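**Q** Here is how the chains run, residue by residue.
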Amino acid sequence: MFRAGYLARKAGQLALTLFAVVTFNFVLFRVLPGDPLQLIARSGHLPPEAVARLRALFGLDRPLLVQFWYYLRNLSHAQFGFSFTYRRPVSSILAERMTNTIILLGAATVFIVLLGVGLGVFAAARRGSRADSGTVVTALVFWSLPTFWTGMILVFLLGVWLHAFPISGITTPGAVYSSWFDQTGDVVSHIFLPTVTLALVDIGQFILITRSSLVDVLTEDFILTAKAKGLSRRNVVWRHGVRNALLPVITASALYISLVVGGAIQVETVFSWPGIGRLIYDAVLRRDYPILEACFLIFAVTVILANLASDLLYQVLDPRVREA
Amino acid sequence: MATKQIPLADRPGARAALRRNWDLIWSDGLGRLGVILLGVVAVIAIFGPMLFPFDPKAVGRSAADILQPPSAQHWLGTDELGRDVFRAALAGSRISLLVGLLATAISILVGAVIGLVAGYYPGWPDSVLMRVTDFFLVMPTLPLVIALAALFGQSLGIIILVIGLTGWPSTARIVRSQVLSLRERQFVVRIRSLGASDLRIVGSHILPNVLPLIFANTVLVIAGSILSEATLAFLGLGDPVHVSWGTMLHFAFVSGATGRGAWWYFLPPGFGIVLVVLGFTLFGHTLDRILNPRLRERG
Chain H
28 MFRAGYLARK
38 AGQLALTLFA
48 VVTFNFVLFR
58 VLPGDPLQLI
68 ARSGHLPPEA
78 VARLRALFGL
88 DRPLLVQFWY
98 YLRNLSHAQF
108 GFSFTYRRPV
118 SSILAERMTN
128 TIILLGAATV
138 FIVLLGVGLG
148 VFAAARRGSR
158 ADSGTVVTAL
168 VFWSLPTFWT
178 GMILVFLLGV
188 WLHAFPISGI
198 TTPGAVYSSW
208 FDQTGDVVSH
218 IFLPTVTLAL
228 VDIGQFILIT
238 RSSLVDVLTE
248 DFILTAKAKG
258 LSRRNVVWRH
268 GVRNALLPVI
278 TASALYISLV
288 VGGAIQVETV
298 FSWPGIGRLI
308 YDAVLRRDYP
318 ILEACFLIFA
328 VTVILANLAS
338 DLLYQVLDPR
348 VREA
Chain L
48 MATKQIPLAD
58 RPGARAALRR
68 NWDLIWSDGL
78 GRLGVILLGV
88 VAVIAIFGPM
98 LFPFDPKAVG
108 RSAADILQPP
118 SAQHWLGTDE
128 LGRDVFRAAL
138 AGSRISLLVG
148 LLATAISILV
158 GAVIGLVAGY
168 YPGWPDSVLM
178 RVTDFFLVMP
188 TLPLVIALAA
198 LFGQSLGIII
208 LVIGLTGWPS
218 TARIVRSQVL
228 SLRERQFVVR
238 IRSLGASDLR
248 IVGSHILPNV
258 LPLIFANTVL
268 VIAGSILSEA
278 TLAFLGLGDP
288 VHVSWGTMLH
298 FAFVSGATGR
308 GAWWYFLPPG
318 FGIVLVVLGF
328 TLFGHTLDRI
338 LNPRLRERG
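Residue numbers (this note's numbering), protein chains in the order written: chain H, 28 to 351; chain L, 48 to 346.
Please keep in mind that the hints were generated in silico from the structure rather than gathered at the bench. Since the structure is predicted, the reported quantities are computational estimates derived from the model, not experimental observations. Take the hints with a grain of salt, since some may be wrong.
To be verified - Counterexamples of contact, computed for chain H against chain L with all Cβ distances above 10 Å:
{"no.": "1", "residue": "VAL49"}
{"no.": "2", "residue": "PRO275"}
{"no.": "3", "residue": "VAL297"}
What the hints assert, rightly or not - One side of the interface only, derived from the structure: several residues of chain L facing chain H at Cβ under 7 Å:
{"no.": "4", "residue": "GLY95"}
{"no.": "5", "residue": "MET97"}
{"no.": "6", "residue": "LEU98"}
{"no.": "7", "residue": "MET186"}
{"no.": "8", "residue": "LEU189"}
{"no.": "9", "residue": "PRO190"}
{"no.": "10", "residue": "ALA197"}
{"no.": "11", "residue": "VAL236"}
{"no.": "12", "residue": "GLY308"}
{"no.": "13", "residue": "THR328"}
Ideal Cβ placement from N, Cα and C applies to all residues, glycine included.
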């Protein structure tokens, strides 16, 4: 399926990019701003002996290159350092929060991809009609909504005003569940508003990309042939059109990952969803740099891997690229 | 740019081209809507704070002044300190626009220079610059911007720099691909054989041909920059002195305005953001359709 040379090149690029991200992260949080000791101690009035002891303890008296080596060694053991505010290793905090973010983003992504592609096909198949331009305008309007503000409006409308959905957290505090089914229901009612918020804001680009790609494909000769053969409209659009129009959508989904990561930070903040995004918000407010650093690294690596995955998927699906 | 460059509007035929493009935008329904929205925003930002100046120190005197619904005295109610929301939102428009425009200027400048150099010099300058561009392209923007803003501090200048210096990769890519195709064209080859310097070729012959594309891209980048500023400010990383729409929404969120149902507090700044971003997005999409050669050929 892949040529060995291509895979080797991709692996090399991946290694280089990952190294660049890790280095960038190290430089960003260690070299550029003030004194890390002041951050740990939260005070500028430490006796010199205490400063020296802390420096030795954290290895800050070593040359930067040696510190970088320690940093790489710790990362290879999934050690992200020690949180200033939680007073616990960052890795154990991340482990708790990660699942919640994955659940939220997974739910939103299913919504966005299915609905986005569906609406894009709907518009492209009716190119030039009122339904088409209406869909495009709606997509552009939703694209222009700030994610956090959309969340606030949903909180106000459906949570505060209509009392239809809970507006914060992942479960009802202090709830006792009679069954596993009850508990799932509670989580689903909590996840509803954050998912809808993410879906509303990020669905626009999927609609637009699917639409413009399918509009292109539908002007090609083989579509004319299919129509001339007397195939049904539905058959022409879905079997001949959509299958060939999905390639740009796959490229777009890598971009989507980097977008939805930003969306997660905003939505989790508004809905107090206990994931990585809310962790970042709290870390920003309390200037908890070790947490911020680890979260940034995790998100960056996720986006890089998503890009690689979409590249490889593209190769599998499009024989023309494979030949080149 | 070359020193003897004649201003765009004075070149023969340029005025007619501007006129024609303007007509194309105006005859497009979405383009017209975008222009109208931007006009409304411009009027709000220019005249609003002049007619209704906002005094951040004019706080309420008692608990009865706090988070009050709209009244004859306060058209859009009061915030959690008892200040006038209507006037605050008008003042915020200027900050949001200022940050968006200046950050975009930085992004476009950096992106255009990198794109021009990479496109014009194939070989190592191109591969090095494109590696760097790809690196910043795959970085998740919001976490990066948050990390930078949290590290460097909360002032308007820092926010502009951070958003500007993270928003250039897409511009660099677009400019580069256009330059790549231009530099092989006959007229460039001929000028080069006449002995024109690289600076002259790029400055007076390639750049003018890339400018329309850069312009269309600029409009779209402004929309993104304004959204970035709003998000950053909402997350508590805005300049606390110069209050933008995003900062207002941060204070609305932190003071629990949504939970208390104080819609007059969190709706106006959000509508402002949507108005501006939608205006620039619609205008930019229409421009792109008219000026982008790749899209134009498709018809």
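**Q** Please flag the earlier hints that this structure goes against, numbers listed from lowest up.
**A** 3, 4, 5, 6 and 11
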